[in-house]
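Make the complex out of the two chains shown on their own, each in a separate frame, by following the hints.
Those protein sequence lines, which keep their order, are chains R and F.
Quick note, in the working numbering, the first sequence goes up one by one and the last residue is 297.
Quick note, in the working numbering, the second sequence goes up one by one and the last residue is 412.
The hints are simulated quantities; they were obtained by calculation from the structure and are not laboratory data.
Glycine included, C-beta positions come from ideal geometry on N, C-alpha and C.
Check each hint, because a few of them may be wrong.
Unchecked claim - Okay, derived cross-link-like pairs now, DSS-like style, lysine-lysine, Cα gap no bigger than 25 angstroms in a straight line:
| # | chain 1 | residue 1 | chain 2 | residue 2 |
| --- | --- | --- | --- | --- |
| 1 | R | LYS47 | F | LYS213 |
| 2 | F | LYS314 | F | LYS162 |
| 3 | F | LYS154 | F | LYS312 |
| 4 | R | LYS47 | F | LYS132 |
| 5 | F | LYS176 | F | LYS281 |
| 6 | F | LYS277 | F | LYS335 |
| 7 | R | LYS47 | F | LYS215 |
| 8 | F | LYS277 | F | LYS356 |
| 9 | F | LYS111 | F | LYS121 |
Said to hold, decoys possible - To be clear about the criterion: a stretch of chain R counts as covered by chain F if any three or more of its residues have a C-beta under 8 angstroms from a C-beta of chain F, and this derived list gives those stretches:
| # | segment |
| --- | --- |
| 10 | 41–55 |
| 11 | 263–277 |
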Amino acid sequence: MSKSERPNQLFRNLNAKIASIPMILTAVVVFVGGTVWTVLYSFTSSKLLPRLNFVGLDQYYRLWSTSRWLVSIENLAIYGVISLVFSLVIGFLLAALLDQKIRFEDVFRTVFLYPFALSFIVTGLVWQWLLNPDFGIQRVVRDLGWTSFSFNPLYDSSLVIYGISIAALWQGTGLVMCLMLAGLRGIDEDIWKAARVDGIPTWKTYLFIVIPMMRPVFITTLVIIAAGIVKVYDLVVAQTSGGPGIASEVPAKYVYDYMFFAQNLGQGFAASTMMLLSVVIVIVPWAYLEFGGRKRG
Amino acid sequence: MRYKILTAAFAATVALNFAGPAAATDLEVTHWWTSGGEAAAVAELAKAFDATGNHWVDGAIAGSGGTARPIMISRITGGDPMGATQFNHGRQAEELVQAGLMRDLTDVATKGKWTEVVRPKSLLDSCTIDGKIYCVPVNIHSWQWLWLSNDAFKKAGLPVPKDWNEFVADAPALEKAGIVPLAVGGQAWQSSGAFDVLLAAVGGTDAFLKVYKDKDAKFAAGPEIAKVFKAADDARKMAKNTNVQDWNQATNMVITGKAGGQIMGDWAQGEFQVAGKTAGKDYTCLPGLGLNEVIATGGDAFYFPLLKDPEKEKAQEVLAETLLDPKTQVAFNLKKGSLPVRGDVDLNAANDCMKKGLAILAKGAVIPWTDQLLSQDSQKQKEDLFSEFFAKQDMTLEEAQKRFAAIIASAD
Numbered sequence: 001m002s003k004s005e006r007p008n009q010l011f012r013n014l015n016a017k018i019a020s021i022p023m024i025l026t027a028v029v030v031f032v033g034g035t036v037w038t039v040l041y042s043f044t045s046s047k048l049l050p051r052l053n054f055v056g057l058d059q060y061y062r063l064w065s066t067s068r069w070l071v072s073i074e075n076l077a078i079y080g081v082i083s084l085v086f087s088l089v090i091g092f093l094l095a096a097l098l099d100q101k102i103r104f105e106d107v108f109r110t111v112f113l114y115p116f117a118l119s120f121i122v123t124g125l126v127w128q129w130l131l132n133p134d135f136g137i138q139r140v141v142r143d144l145g146w147t148s149f150s151f152n153p154l155y156d157s158s159l160v161i162y163g164i165s166i167a168a169l170w171q172g173t174g175l176v177m178c179l180m181l182a183g184l185r186g187i188d189e190d191i192w193k194a195a196r197v198d199g200i201p202t203w204k205t206y207l208f209i210v211i212p213m214m215r216p217v218f219i220t221t222l223v224i225i226a227a228g229i230v231k232v233y234d235l236v237v238a239q240t241s242g243g244p245g246i247a248s249e250v251p252a253k254y255v256y257d258y259m260f261f262a263q264n265l266g267q268g269f270a271a272s273t274m275m276l277l278s279v280v281i282v283i284v285p286w287a288y289l290e291f292g293g294r295k296r297g
Numbered sequence: 001m002r003y004k005i006l007t008a009a010f011a012a013t014v015a016l017n018f019a020g021p022a023a024a025t026d027l028e029v030t031h032w033w034t035s036g037g038e039a040a041a042v043a044e045l046a047k048a049f050d051a052t053g054n055h056w057v058d059g060a061i062a063g064s065g066g067t068a069r070p071i072m073i074s075r076i077t078g079g080d081p082m083g084a085t086q087f088n089h090g091r092q093a094e095e096l097v098q099a100g101l102m103r104d105l106t107d108v109a110t111k112g113k114w115t116e117v118v119r120p121k122s123l124l125d126s127c128t129i130d131g132k133i134y135c136v137p138v139n140i141h142s143w144q145w146l147w148l149s150n151d152a153f154k155k156a157g158l159p160v161p162k163d164w165n166e167f168v169a170d171a172p173a174l175e176k177a178g179i180v181p182l183a184v185g186g187q188a189w190q191s192s193g194a195f196d197v198l199l200a201a202v203g204g205t206d207a208f209l210k211v212y213k214d215k216d217a218k219f220a221a222g223p224e225i226a227k228v229f230k231a232a233d234d235a236r237k238m239a240k241n242t243n244v245q246d247w248n249q250a251t252n253m254v255i256t257g258k259a260g261g262q263i264m265g266d267w268a269q270g271e272f273q274v275a276g277k278t279a280g281k282d283y284t285c286l287p288g289l290g291l292n293e294v295i296a297t298g299g300d301a302f303y304f305p306l307l308k309d310p311e312k313e314k315a316q317e318v319l320a321e322t323l324l325d326p327k328t329q330v331a332f333n334l335k336k337g338s339l340p341v342r343g344d345v346d347l348n349a350a351n352d353c354m355k356k357g358l359a360i361l362a363k364g365a366v367i368p369w370t371d372q373l374l375s376q377d378s379q380k381q382k383e384d385l386f387s388e389f390f391a392k393q394d395m396t397l398e399e400a401q402k403r404f405a406a407i408i409a410s411a412d
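Here chain F stands alone, though its shape is the one from the complex (with noise of 0.2 angstroms):
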């Protein structure tokens, strides 16, 4: 009796196996989107793969990049990789590359074309190591946004100001109405992308340049920098009272109006849009700051590491194909609030800043990212000293500005 019910238990879990159609082959894949709009964009792409009858076991890790990247390069040198990964295009996989331990993806490049269709062509770069490229990008992000809360500036009687400048002007008869006038969470990395920022929209983008490029420790030193440096002061000043540690919570302040504004990623965007806003009427944003209308070709890309199992294999190839189809594309980068990757698709659905974003994408006004520039080690020292700089209202500028040229000095 026991035996025929042992039979049979078998018998239904092999049908089950052989239920499904023949070629889904399950393909775990991790990333960092775990905040509202992030987790509608990301089921885009999970939709997109598993229409070509695949399946994407979602990997997701909570806590930012920060925390996820630890993890994701641990499984992969510890020998238990994923299908495939997302990490920021630039120097994060270099030496997990270099090690051999990730994907070459030339053949299904040169199959599907990339090189013709992914723009601006610096993405593509930072994905080339010796000639061979190793990642998919699947978005542009930049960082030079100013995320403003039209509410917030009608409660204190102000009009919405057209740059940085105006808006440090207004930053006194905001706090007076009990607002703060700009929103930046206690998360290292939101203080020192900030301070980016505020690099390539006051100094501009060749100072830029001479600083995270040609890693100029004595430009870094001088005149131009210090001014900011004074700017980074008024932020900080302006930051005081926020008391929060998230980005997404700082951007929330902006959509309910607690605080002035935001400088964060295009990413806010996808919050914006999860809370019900519309661009222009609820908020505004302006791109460099409204002061240098540059936007930097940061943003995500997909690694696959290097699998044994000829199934998975082909997946992977499946799923590189899958994130550059001009539909997911543009599925994807609607929900997330970034820019395609593909000069070549249709976005009339794209929102006031996003169009902001592709005109200046179009007319080439782009700068590189830090991830793509500077190390982690570089990127994680610069990240300690805002983080110090911001909190501790009475470090002087000059001290902030001597640490951060000595950084500058020793980066690779």
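Looking at chain R on its own, in the form it has when it is part of the complex (with noise of 0.2 angstroms):
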């Protein structure tokens, strides 16, 4: 595969080349280009409209002096640990025991999956309905007999961004379990009667050897759930809008409000900038583990 063997690489598969033109134009225009002129904007003083009258970091200052702005930082690390845990943990138990070729795997597939059909909108308000004090959970256990049950997180400012989780979690834990359950179709069954043969515990075998095997599934599940978590916003504004008060605001809203409500551009694409700069902490050290690591072994 050495290049002097063959000089015209750039004409190479041509015809493949020219029809990705339009998705590399897309990419390079609208992520790339979009990204920079964001960044760009986010140090000036733009209002309503863009206008190019830099303010320095005027917008970065104030940003992190708003006690709103760090309330959903705050939030969104709460309810991306819970995500990310639980989410995991919930998917592959579930997937583990759809695994035990049990009876009626396709209907309790369907059922466990069928959550994620729904959108974020459609998941806000019905866990709205189900955690509101009057009419959901916390009434029906009451009208059972149980008058001192207590169970009210959207209405409490500690504990609402808990109740946003829980919608969260049973709107995303299918998707994970179903990728699970297909990464544990994907382990051989040899392995399986190997790891029988030399007496290894079934719960040691998932442990030690299944999940090992199965890291190319779970690197795809994570990006899928952080790419979730990061983005978080119609679920909020379904659920909550953001309160009571301030105590379920999220990043994302911070955003949209501030560009839209409050008119005032910089303040919104400096706060999208902040997004866009954690996760870029968190994919390029990743990033680099992962394939630069791999090429030099």
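See the structure below:
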């Protein structure tokens, strides 16, 4: 495959290259161009319309001294950890249970995956009702006789982000389960047989043999979940619209509110640049380890 | 055979096109008037416009101004402008006008002698940028009202209070009777607006202007404003158990006697009317919270984006004239519960509360509203602060006031 033997590298697979030009253009102009434009205008004092009068880091100073932004970041961290840990753990457990050659597997799989077919807006509204103290779970349990039962996360500032996480887990775990199930099915039957011959208990086989073998599936799942975490917006809007007060605000909502409600594009761009930066900080070291390491090895 | 059918169908559509009156032009009008009373009011505008031979295409956007304005603005800046659109007059559309996206209405205004008929004058001033008029004010909405449920006070065995201080004193008795003393919905603009009303009522007109007009941050951090925060603290304690989001749901709590009162603009009156309640008998209204009888001259106005189609431009002019027509003004404002922008119209049909408002207006006890004084950016920061303040009972007054002063210091 050395290059000297094939001088016309550029014209190899010409058809394929021409065919991918539109996508390359989209990626460059829309993604990269849009990103650069946003970052550039985050250093300006643009209000309703983008204008190029630079104010340095003013927007960022203001951003990091705004309590709403700090609350948003904190909420995103809590929400992120909860959805990452629980959707992986629950998703894997469900998949492992489904993998025991049980009856009606198709039915269970459909039931667990079904919430994923709903949009976040619908999910949010459903859980808004379920968690409403006057109509939802609290009311049902009280009507059953436990009159002192109290479960009111959405109207309690310190609990509201957990109420939102519950809805997100309900919606997202099914997908994780399906991905995990596909991964489990990809493990060769012979490995299980070998482990059984060696007398390794099932849970140890899962933990030390199967899971390490499922690494690619885990990485795919991780990327999907992480992308969902950073961009969470519609769920919050539908469930609490950021309330009570500002207790369940998230960064994406801050960006939208300041760009459009407050007519302050500069501030919104600064916030979205910070969101991009946080993604980059997570992705770059991981990509370096993942891809950079392999080349050397 | 098929060809014939096609021709027939074609002929039919052509015939249909010519069926309507020759001058009929469709004009899409966007607004956020979607609650019961508001929808009834906007239907009056549509009726008046349709009567001129044009056609009002209703573009109602649900979910209050905060949701609707971004949609309107992105349609205008994105090159898909509607025929006309509602904004609160003041600074919401300022940049759109500066960017040359809005139509200059000065000709229509001179023809209709708007400067003479529109009162108070400050309304037209907020439509004027660089000496040109860009919007048609349609009503005066004032925030300074305390709506009280007579039933709720009867249930608690109390006389209906005369002002805010008496109301605060009645709160424990109301709570004992199982009534939420003050209804404040969860949307951020409601708590922020309630604070502004308290500022004008408890602090007085001068304090209000010093903070929002002169943007005096030192004054905003001072003892006089601390008094206002004390009142706001009373309000948040009284509103603790509200658990509703939308303003009309909160108003509904007052209508049904589940809440003692609500600080809300006069648009709440439309809801009382739709529910068939009578002012004075079923509910009581206290302008300026009974402490400082002023009304703010905020309100709604229609802006006309620049269009290329000359037919539509003409229809825009007709609409602008229709909106200020005395008959339209009366019909619209009676349904809406707001005050007309013309001083020369007959409002005998107005109810008690509107008459109180008209009397204050005639006395000239008016203040400009925050929509006219502050940019949307400052308003939003204020909303964030007060929605946090009302939701977080343990946020101290000192901290809240410090942050308030900081917002005023950076306000524009």
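Comparing the hints with the structure gives:
At roughly 20 angstroms between alpha-carbon atoms, LYS47 (chain R) and LYS213 (chain F) fall within 25 angstroms of each other, so this suggested pair holds. With a C-alpha separation of about 50 angstroms, the suggested pair LYS314 (chain F) and LYS162 (chain F) falls outside the 25 angstroms cut-off, and the hint is violated. Between LYS154 (chain F) and LYS312 (chain F) the alpha-carbon distance is near 55 angstroms, which puts this suggested pair outside the 25 angstroms criterion. As the CA atoms of LYS47 (chain R) and LYS132 (chain F) are separated by approximately 22 angstroms, the hinted pair is consistent with the 25 angstroms bound.
Simply put, LYS176 (chain F) and LYS281 (chain F) have alpha-carbon atoms about 24 angstroms apart, close enough for the 25 angstroms limit, and the pair holds. Using a Cα cut-off of 25 angstroms, the hinted pair LYS277 (chain F) and LYS335 (chain F) holds, with the two alpha carbons roughly 14 angstroms apart. Straight-line distance between C-alpha atoms of LYS47 (chain R) and LYS215 (chain F) comes to about 20 angstroms, which keeps the hinted pair within the 25 angstroms bound. Taking the CA atoms of LYS277 (chain F) and LYS356 (chain F), the gap is about 17 angstroms. The hint holds against a cut of 25 angstroms.
Pair hint LYS111 (chain F) plus LYS121 (chain F) holds up; C-alpha atoms about 17 angstroms apart against a cutoff of 25 angstroms. Look at the segment 41–55 of chain R against chain F: 3 of its residues bring a Cβ nearer than 8 angstroms to a Cβ of that chain, three or more, so the hint holds. Here the segment 263–277 of chain R counts 3 residues with a CB under 8 angstroms from a CB of chain F, which clears the bar of 3, and the coverage holds.
The structure shown violates the earlier hints numbered 2 and 3.
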